[in-house]
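Protein chains: 2
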Amino acid sequence: MINILSKSSTKPQLPEDGVLRVYSMRFCPFSQRVHLILDAKKIPHHKIYIDLIDKPEWYKDYSPLGKVPALQLTDVKDQPTLVESMIIAEFLDEQYPELRLFPSDPLHKAQDKILIERFAPVVNAVYPVLTCNANAPKDALTNFETALDAFEQELAKRGTPYFAGQTIGIVDYMIWPWFERFPSLKLTTEHKYELDAKRFGLLLKWRDLVAQDEAVRKTALDAQLHADFQGSKRLGKPQYDIAFKA
Amino acid sequence: MINILSKSSTKPQLPEDGVLRVYSMRFCPFSQRVHLILDAKKIPHHKIYIDLIDKPEWYKDYSPLGKVPALQLTDVKDQPTLVESMIIAEFLDEQYPELRLFPSDPLHKAQDKILIERFAPVVNAVYPVLTCNANAPKDALTNFETALDAFEQELAKRGTPYFAGQTIGIVDYMIWPWFERFPSLKLTTEHKYELDAKRFGLLLKWRDLVAQDEAVRKTALDAQLHADFQGSKRLGKPQYDIAFKA
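Taken in sequence, the protein lines are chains A and B. Residue 54 in UniProt numbering is what sits at position 54 of the first sequence, and the numbering runs on without skipping anything. Residue 92 in UniProt numbering is what sits at position 92 of the second sequence, and the numbering runs on without skipping anything.
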């Protein structure tokens, strides 16, 4: 039984075992980024799920702006909490360097971070459609595809199966959560939207490859669950728990 | 004579001397961040100023989304360009480590990056007032002060003259450009707005201290110039060049 902590909840009582604590929401793509890094690096952690509509009062003590994901370091004085998925990802990569996900060279690291930043226009364009917003701009999917072209081109330019090269890396993990959600568009849009197999040929091959990754499989939810969650959220009653009933 | 390059311009002809090239706009606070790092670290660089209203056609070759600041590395194959002020700052700190501005410890580095991220709500709240937008929300300055409280509290918590400690560091430089601009509010708002000396006592002491820093003085423009620029920009004719006439 998974508890999703809401306003009336009390602070979770967890053992003082020095194990990381992750505050997240199971359908939040930014939270998934952090889970992917933790799972890829096999870093032990406790999971605490937050009701984002009806946030616990005590949560502000950990994440002052109420944001998820948040990572609490219980083996450090004052048990500080980190927020912002990219900052957490880079912290984890430096703190747990056994499996390096960021390039070690400063230039390539900067270029990968810029590429991840360039995914924001993709997300911003598709977000209203992905969340079943009835007022989504008519050209939302057109703008989405235009923004996504840069990633198809980048994969062609790099000439490798993953953005990171021959094995999976930081760009792959950081943009993955949205690729997991795109297939839900087929279920939620009237014209059953799918990515064009020709225009996004390399990205679709990449998607099939990444889908097989161990950490990706560990955090995966299927298109129907994503669609059902967005439907419930649109009605003002997000069903956070359907992720755990499956 | 400083050239501000606009649509009809041709690519600047610069010597192939391997020296960094910085594309920026003299009144852009994000550009100033990069100039502060370069000046603090005394890294030689060429300056190229871009007309942001009437951007050069060729600029997309360097910064695909037309953003400033951009840093071009001319001593690397294909002369790649980096964008995003924070990514550039971290790259420069790793590539030119003689004077370290970011904390070397992963946790403190992450905490400083989170603090810099928390400056975004300050900027977002004050931006319409700072840019003399007639439709600025009535509560803009109230929201600005509430967001700024976190920084006054953080300085108290850290108990040091600079956010970085006894000497200037990355948080100080990254948030400074806006503190340079706040005094222009006294000139542009009807009620001659100034930061409350009691509520923001530590921040105002910090401001006077940072204002004396060599890199800060090198990039500084006074309140009147900032006010004049914003006035010209509001009229649709940004006077980029007034920075150089002074």
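Some clues are possibly wrong.
What the hints assert, rightly or not - With a Cα cut of at most 25 Å, we get these calculated PhoX-like pairs of lysine-lysine:
#, chain 1, residue 1, chain 2, residue 2
1, B, Lys198, B, Lys218
2, B, Lys109, A, Lys157
3, A, Lys138, A, Lys60
4, B, Lys245, A, Lys109
5, B, Lys109, A, Lys41
Stated by the list, open to error - Label pairs and their calculated CB-CB ranges:
#, chain 1, residue 1, chain 2, residue 2, range
6, B, Gln212, A, Gln239, 20 to 30 Å
7, B, Arg207, A, Gln95, 32 to 42 Å
8, B, Lys42, A, Lys11, 44 to 54 Å
9, B, Lys245, A, Ser232, 32 to 42 Å
10, B, Asp78, A, Ser8, 56 to 66 Å
Source of the hints: derived by calculation from the structure; they are not laboratory data. Positions of the beta carbon are idealized from the N, C-alpha and C atoms, including for glycine.
Notebook entry, point to check: Can the restraint linking lysine 109 of chain B and lysine 157 of chain A be considered satisfied, given a maximum Cα separation of 25 Å?
Noted result: It is violated: about 32 Å lies between the C-alpha atoms, which goes past 25 Å.
Checklist line | Status of the given 32 to 42 Å range, CB of glutamine 95 of chain A versus CB of arginine 207 of chain B | finding: Given about 34 Å between the Cβ atoms, the range holds.
Item checked: Outcome for the supplied range 32 to 42 Å, where the beta carbon pair is lysine 245 of chain B and serine 232 of chain A -> Since the Cβ atoms of lysine 245 of chain B and serine 232 of chain A sit about 60 Å apart, the hinted range of 32 to 42 Å is violated.
Item checked: 25 Å limit on alpha-carbon distance, applied to hinted pair lysine 138 of chain A and lysine 60 of chain A -> Violated - the C-alpha atoms of lysine 60 of chain A and lysine 138 of chain A are around 38 Å apart, more than 25 Å.
Checklist line | lysine 11 of chain A and lysine 42 of chain B - C-beta distance against the hinted 44 to 54 Å | finding: holds, 49 Å
Checklist line | Pairwise hint evaluation, lysine 218 of chain B against lysine 198 of chain B, where the allowed Cα distance is 25 Å at most | finding: Roughly 29 Å separates the two Cα atoms, so the pair is violated.
Checklist line | serine 8 of chain A and aspartate 78 of chain B - C-beta distance against the hinted 56 to 66 Å | finding: holds, 57 Å
Margin query: Check whether the Cα positions of lysine 245 of chain B and lysine 109 of chain A lie no farther apart than 25 Å.
Written below: violated, 39 Å
Next item on the list: Could you see if the CB distance from glutamine 212 of chain B to glutamine 239 of chain A stays within 20 to 30 Å?
Entry: The hinted range 20 to 30 Å is violated for glutamine 212 of chain B and glutamine 239 of chain A, with Cβ atoms some 57 Å apart.
Next item on the list: Mind checking the alpha carbons of lysine 109 of chain B and lysine 41 of chain A for me, to see if they're no more than 25 Å apart?
Entry: holds, 20 Å
Consistency note: the structure conflicts with the earlier hints numbered 1, 2, 3, 4, 6 and 9.
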